[in-house]
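Colleague: We have chain A already, so just place chain B on it with the hints.
The listed protein sequences correspond, in order, to chains A and B.
Residues in the first sequence are numbered consecutively from 1, following this note's numbering.
Residues in the second sequence are numbered consecutively from 1001, following this note's numbering.
Some, not all, of what chain B presents toward chain A, calculated at C-beta under 10 Å:
1) L1062
2) A1158
3) T1162
Quick list of the computed label-pair ranges, beta carbon to beta carbon:
4) A/S328 / B/G1119: 44 to 50 Å
5) B/A1179 / A/L190: 45 to 51 Å
6) A/Q10 / B/Q1257: 51 to 57 Å
7) A/V179 / B/D1231: 40 to 46 Å
8) A/T18 / B/A1179: 24 to 30 Å
9) A/T18 / B/Q1186: 16 to 22 Å
10) B/G1119 / A/A350: 31 to 37 Å
11) B/S1010 / A/V179: 31 to 37 Å
12) B/G1119 / A/L190: 18 to 24 Å
13) B/Q1269 / A/A19: 53 to 59 Å
Quick caveat, the hints were computed from the structure, so don't treat them as lab data.
As the structure is a computational prediction, the values presented were derived from the model and not from experiment.
Note that CB positions come from ideal geometry on N, CA and C, so glycine has one too.
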Amino acid sequence: MSTFPTTPEQPMPAQARTATVIMGRQDFLSVLLRLTGTELYKLRRRAMSKVLGIIGVSLMILVFLLISIGELFTLSNPAPLPPQCSQISNPQGPNNPNGVPCLDHSPTQAEIATADQTKQDQIRALSSPLRLPFSLYVAVQVLNIVGLVLLVIVAGTIVGGEYSVGTIRLMSTRGPTRVQYLLAKVGAILFCIVVGFIFIVLIGLVVGALLNLVSGVPTDTAFVSNGGIGHMLLYALLAMLGLFVYSSLALFLGTAGRATAAGVAGALVWWVLESVLGTVLVLVSFVVKGPVGDFLKAIPDYFISNNVAALLQNQSQYFVGFPASHLSNLHALLVLLVYLVLFLGLAVFASIRRDITN
Amino acid sequence: MDDNSPQYDSNTIISTSRLTKAFGNLVAVNDLHLQVMRGDVFGFLGPNGSGKTTTIRMLLGLIRPTAGRAIIFGMDNAYQLPAILQRIGAIVEMPIFYPYLSGLDNLRVIAAASGMVSGPANDRRLAEVLEIVELRTYEKLAYRKYSLGMKQRLGIAAALLTDPELVLLDEPTNGLDPAGVFEIRQLIQRLSSLGKTIFISSHILYEIQQVCNRVAILQKGNLVKQGNVDDLMKRSEQIEIRLNREDETLYAQKVLQQAQEQEATWITQVHIQRNRQNQSLLLVDAPVARSAEVNALLARQSLYAAELHPREGSLEEVFLQLTGQTAQNGAGQHGGMVALANPVQPVQQHMMSTPEVPNGKRDTV
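Next up, chain A with everything else stripped away, as it sits in the complex (with noise of 0.2 Å):
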């Protein structure tokens, strides 16, 4: 017998495997790739992750129907005249300029022209979050809050459920590393979004236009010629970005805590926190003046939720014409890849450093 120097040159040789085991590449990408889509078959299995997309979808048809009750509310009723003088206690008058404007007589052909002019302008306004660009506008506000908690739970469940339930210990002895793992976790929650994303908010767009139909408002175009359709796709991958963000937020946690628990509970807190925090510290600095004042109002610009609603305000001046940020698109992107290395990288140092026991 003699001492093995062993040496990554050094393996036995393996033997073959039963001609029924078909292995597929093992290059890093294709490792990575197979347990990305093991990762979503184990989503699509999931009673949860079918539960979560109809209570995204549902919310987001509810919204667009709420904000359409008062454009309908405004068809169904007759144009908007003046009332007649003699119903009313204070009638506008050459005497009582203060007064409430009236008529004192039958109206006019004009005077109803006018009333339905205002009908219609009230209805274009009510109904202008139906349409595109508006609609879009909306529904990623829709799914800046739906769909993060909506996320969380899904990023937080994958990534924490594997410890939560002990599956950990089965999947970390079949081959891949545990970077491959956490990559393909990450993968699958990056599809997630995307796909998830693009079909919530096309039925909300979908919905929006079906319920705009009623008003018979037709669409503004001239959101397309002048640069707003790439306005509106950069507006529709930073809002990912932000869902993202939050996404690697439950991953690190749940990584972290080793529980599902860990990751949903972790992130929704830190949500909630940085909204309650940036209030409170605002109000402060108001009290507080000076150097210390400043540094606190400064402190809610690191936060995550005000960057990313900072790419969102600077991408949506281009068509919905709402005024910019007061932070930079490279200010916030800056902060939001800080977070993101720092989320994913503690997540990944967790996960290699640590031992995987009961």
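Modeller: Chain B in isolation, oriented as in the chain A frame:
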């Protein structure tokens, strides 16, 4: 030579050197030198808490050793774990699968994770392994609805999925009924006949004795003994003699003890014990093949045995001898099989460890 270098030849599948794992102050596995050869059915014995599962976890890379190294298929598992794991099928403790997936879907997931092609290409293999563990009928049933035995069998199916060279089974018969245990034993023998190397950990000694050709006995994280099962069991062979009278028994003991000091050095010990009928029995620790010679030694002194029984050794006795446990606190009947319980007595580790020889070698039987 580096003390940390495991002993290796071309047939060594697993070789560990000074493998140690400590959880804080608790040393779960201490300075372990194991050697498993190709084609072995290797039993890894020890009471609960002796470090069996910790060792298996270190071999599979689930936990990092505090010290030492493990070479599997000629590769260091600290650096080449993925390549090693591709050639291993393993169950670590009670196998746990995804509860919302069926048995078949669980195997599909495992197959993809094990490097097998996804999709229907491997359906035949999935069917094969489900057939082996007799779960075809329940393949579409959700895992959460499986009984304990079915879960264990699915674990074995998962371990066999890639037709691995080394099958590592940690307590594979946990939760199985006697028929299930018998099936697993047959399966192990079948796998062994196909040239697979089997590493099986258990605290059920009878089970190991039935299927293994080599064993390692672990206690409190220390390797107590490692070697061939037949050789180990020879150590506990006994010849049981009953003489008609009490005084004859006492005289016979003296005769054999004298013989032991002179020509019959193969006698290890001679002692008297009472049976259930309160009769004195003379127990001679000696190879059963020497029964006739023992009889002749007694006959030379005009002592004639009323009964003489050669008693085959058992792993249980070997274990008790090696660990210094008594039958009461060390072993008991468990589910129709002899099972080790947690030792009650403090263990004198150094006395029980096999002697250390230069280069980190331990004696093997």
